[in-house]
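Undergrad: Chain by chain, the residues:
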Amino acid sequence: MTDASLHGAAPRKGRSIHQIDARTRRRNATEARFKACGIAAIAIGLFFLVVLAVAIIRNGTPAFTRTVVEVNFTLTQAQFDEAESQLFKTKAYSGFFNSALADQLTQQGIEVAFDEASIERLMGKVGNAIREHYTAHPGDLDAPVTFNLPTSSRVDGYFNGRVKRETLQDSRFLEATDLDLADQLKAAGIIKSEFNWPFITGADSGVDNPGGAGIGASVVGSFFMMLVVLGLSLPIGVAASIYLEEFAPQNWITDLIEVNISNLAAVPSIVFGILGLAVFIQFMHLPQSAPLVGGLVLTLMTLPTIIISTRASLKSVPPSIRDAALGVGASKMQAVFHHVLPLAMPGILTGTIIGLAQALGETAPLLLIGMVGFVARGYPDGFLDGFVEPNSAMPAQIYTWAARADQAFYDKAWGGIIILLIFLLTMNIIAIILRRRFERRW
Amino acid sequence: MPIFWILLIVLAIAAIGYVAGRARALASAGGDIRALHSLPSYYGWNAAIKAMVPAFLLIIVWLIVQPIYVSSVVSGMLSDGAIPNSSSRGLVMAEVRRVAEGLDNAVAAGVIGEDAARSARADVIDITQRLKDAGQIVTSQITQPVLRAAQHFRIMHSTGNMMMTVAALALAVLGALWAIRENRAEFRARNIVETSVRILLISAASIAILTTIGIVLSLVFNTLEFFRLYPASDFFFGLTWSPSFSGRGGSSQLGVLPLLWGTFYISVVALAVAVPIGLFSAIYLSEYASPRVRAIAKPMLEVLAGIPTIVYGLFALLTVGPLLLSVFGADGLGWMKAGTAVMTAGLVMGVMLIPFVSSLSDDIINAVPQSMRDGSYGLGATKSETIRQVVLPAALPGIVGAILLAASRAIGETMIVVLGAGAAARLSLNPFEAMTTVTAKIVSQLTGDADFASPEALVAFALGMTLFVLTLGLNILALYIVRKYREQYE
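Protein sequences, first through last, are from chains Z and E.
According to numbering that gives the first Met the number 0, the residues represented by the first sequence are 0 to 441, in order.
According to numbering that gives the first Met the number 0, the residues represented by the second sequence are 0 to 489, in order.
These are computed hints drawn from the structure, not numbers from a lab.
Examples of chain Z residues lying across from chain E (beta carbon under 7 Å, computed):
no., residue
1, Ala238
2, Leu274
3, Ile416
Listing some non-contacts, in silico: residues in chain Z with all C-beta distances to chain E over 12 Å:
no., residue
4, Lys185
5, Leu229
6, Gly385
Listing some non-contacts, in silico: residues in chain Z with all C-beta distances to chain E over 10 Å:
no., residue
7, Phe63
8, Thr64
9, Leu86
10, Ser98
11, Glu115
12, Glu119
13, His132
14, Ala135
15, His136
16, Pro143
17, Lys191
18, Arg434
In this text, a Cβ means the ideal position worked out from N, Cα and C, and glycines have one as well.
With these hints in hand, go ahead and build the complete structure from the sequences.
TA: Structure below.
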């Protein structure tokens with residue numbers, strides 16, 4: 000260690016320690032750069048979060064509005080009978096609609112020419128919807144009724160900015176002149192946008208009708224799946240954690256279980272899908288696409304998460320609680336079930352809700368057990384049917400929409416994501432509130 | 000009798016056993032619970048457990064054994080002559096099962112009388128016609144041996160169910176009676192109940208082992224089946240992936256190497272995004288940030304980990320893909336042909352992995368003892384010098400473990416690559432080309448209409464096996480490194 004003193008033998012003259020030399024300046028600059036890198040990394044991460052949020056909100060909101068044509072009209076009994084007696088019944092109703100629309104336009108003093116074909120391009124076949132209304136509600140005959148009929152998805156896209164006038168190519172679906180008509184109807188207040196309730200409550204539609212697609216049925220499918228996951232993973236997870244944390248002796252079986260749990264937590268979710276396909280569908284012959292099977296697969300997937308968090312909250316209950324219970328004559332089992340478990344419950348519930356939220360957003364395993372490609376056309380008939388009837392689930396439904404050729408379904412997929420994220424957010428907030436409200440510091 | 004009702008009746012017997020067992024124990028102590036060994040409810044539970052457990056075990060075993068036994072007996076009934084040359088015993092048995100099920104449904108619908116469905120003299124042509132009328136799916140013409148076998152199958156099935164019902168209920172009643180008989184004041188009911196609860200807890204814990212066994216078995220059996228149909232060497236070393244769409248073709252080329260290359264390439268791009276950003280975030284959060292910044296920035300970053308992968312997939316397909324295409328596509332640099340590419344999937348996957356890398360590294364950096372930093376500062380090092388030359392080297396094994404865990408995540412990720420990476424399997428170096436991964440092909444091979452017995456569907460299990468082994472290896476390695484490192488400082 001003589002190097003330093005050798006160097007220092009000839010002290011540099013005329014230098015104050017307040018003056019920063021080049022080397023120190025360089026080191027300080029490196030320090031600043033390094034710190035800036037850290038700030039930049041965090042900024043980039045948060046920037047991605049913001050971009051993601053903006054993309055979801057901007058692309059997803061159009062799914063929640065729909066464009067409707069509002070027309071008032073009175074159908075007399077005579078007209079109804081006349082239409083029903085014809086061969087092409089819905090065509091007759093379309094005729095009534097068109098004349099009613101024309102009347103309404105002349106009343107408002109708007110001069111615009113339209114023909115049956117352009118109305119059909121704007122709104123699809125309207126006659127059917129009108130006929131269905133009157134056959135279902137015969138009492139509405141001879142009385143004024145206000146119809147809010149949805150426009151076709153392309154017109155919807157035009158008002159949302161998805162379909163641009165400049166890039167529109169005339170086709171049998173939509174022509175540029177139809178957009179003029181649509182604009183004028185919009186100015187007259189006949190075309191307007193309203194909140195898209197059918198998207199929230201409806202079921203999936205066929206590939207040719209993006210406007211009618213709704214996410215309601217798959218929300219119900221997800222709900223039944225979560226019931227299965229909650230009903231199985233909470234008791235099994237808690238029982239397994241109690242055993243491992245309170246009773247398990249130190250031996251190779253316990254080690255084996257622990258290693259298995261930590262490995263299962265890291266197995267890719269698609270492998271659980273393969274397991275579900277091979278065991279539940281091929282081997283046990285449970286019904287394909289059923290929420291029951293989806294729930295079973297997701298249960299196996301969430302168990303490690305729940306076990307890990309439950310063990311943490313059991314561990315945080317101080318041993319003095321157990322000792323006190325044992326001291327007044329409780330058995331070990333009684334000490335655990337009567338004293339430790341209730342105290343650990345808030346933590347366990349928090350972990351369970353977070354595990355459920357994870358399971359709710361999981362898609363890959365559901366693809367393998369047949370929850371895509373299947374069009375969820377309606378709600379299950381009863382509570383028990385809800386478990387075994389083929390249905391979709393929210394993430395699987397979003398995937399189905401994203402995989403369809405018609406771009407109008409992309410709006411629906413983004414809208415579905417907003418609904419999914421609202422559910423996840425609610426669950427996480429409940430978990431945070433539970434933790435804040437009941438967490439005990441020992 | 001449907002299983003549901005049997006279970007309900009057994010539960011009812013258990014409930015009666017609970018009440019009776021408790022009453023009997025109290026009576027034997029003369030109504031004074033201080034004379035009992037255990038609390039009264041334990042005596043009740045003793046009876047309920049002894050009613051339920053043997054009955055349920057019997058039902059489970061019966062449900063597993065009966066179909067196997069019935070199948071083997073019925074299969075033995077079919078003479079070799081009854082099996083057409085083009086068919087196999089398994090296929091004929093499947094038909095027998097279908098016919099039996101059709102007969103059941105037809106009887107339930109009232110189209111065929113129970114006698115007709117059982118009668119050995121029933122006319123084959125007549126039965127076929129009536130089944131078709133009832134809307135049951137039946138092959139063009141049921142043959143005589145198949146119908147006989149199906150009838151036998153039905154009869155054995157219903158007798159079996161009847162026997163199971165009787166046996167299970169009898170066992171439940173006997174168990175309850177036995178327990179009630181032994182419920183005396185000095186009987187150690189609590190010990191019995193607690194032992195049963197303990198067994199219940201152990202079985203819940205061993206579900207983790209069962210799941211692993213289930214995964215391994217379902218992968219191994221189907222993979223072996225695949226290798227019987229398709230040579231293993233072609234699978235592991237084949238350079239082309241082009242399954243035929245007929246589902247029965249021998250023209251499929253199922254080489255895994257292009258898929259592994261795609262998986263590897265996308266994971267490397269993802270890690271190239273996630274590791275620097277995640278690591279620098281972790282360093283800043285643990286070494287520089289004030290508690291307030293940390294309390295806000297850390298949960299915000301972790302939100303990225305809580306977003307479902309389907310959201311990232313859609314983000315890749317509809318936002319990042321078109322964005323990259325506008326820069327690198329035909330209008331820009333001309334390197335990219337479509338929005339789905341290695342770069343698209345890799346970038347988005349990288350974003351998903353940022354919180355994964357940053358949280359794990361954050362924990363590990365925080366675990367480095369403060370004395371090491373203090374020592375470094377004492378020698379005059381700046382903060383960044385301390386971090387680079389003292390803290391990071393000390394934390395390196397843990398950080399490597401974290402990166403390996405992130406890599407295993409990237410390899411196993413499905414939705415982002417299914418939506419963002421494209422479907423073409425190719426060996427190429429251009430990151431702007433569409434490639435595909437092991438996980439994406441598992442999905443596409445198993446969601447089609449392909450027959451489960453065809454190599455095109457079975458290859459998915461071999462791919463799953465490859466994926467499982469790869470991720471398991473990475474995880475074990477990572478956990479080993481992390482654990483070894485932790486022992487150093489605790």
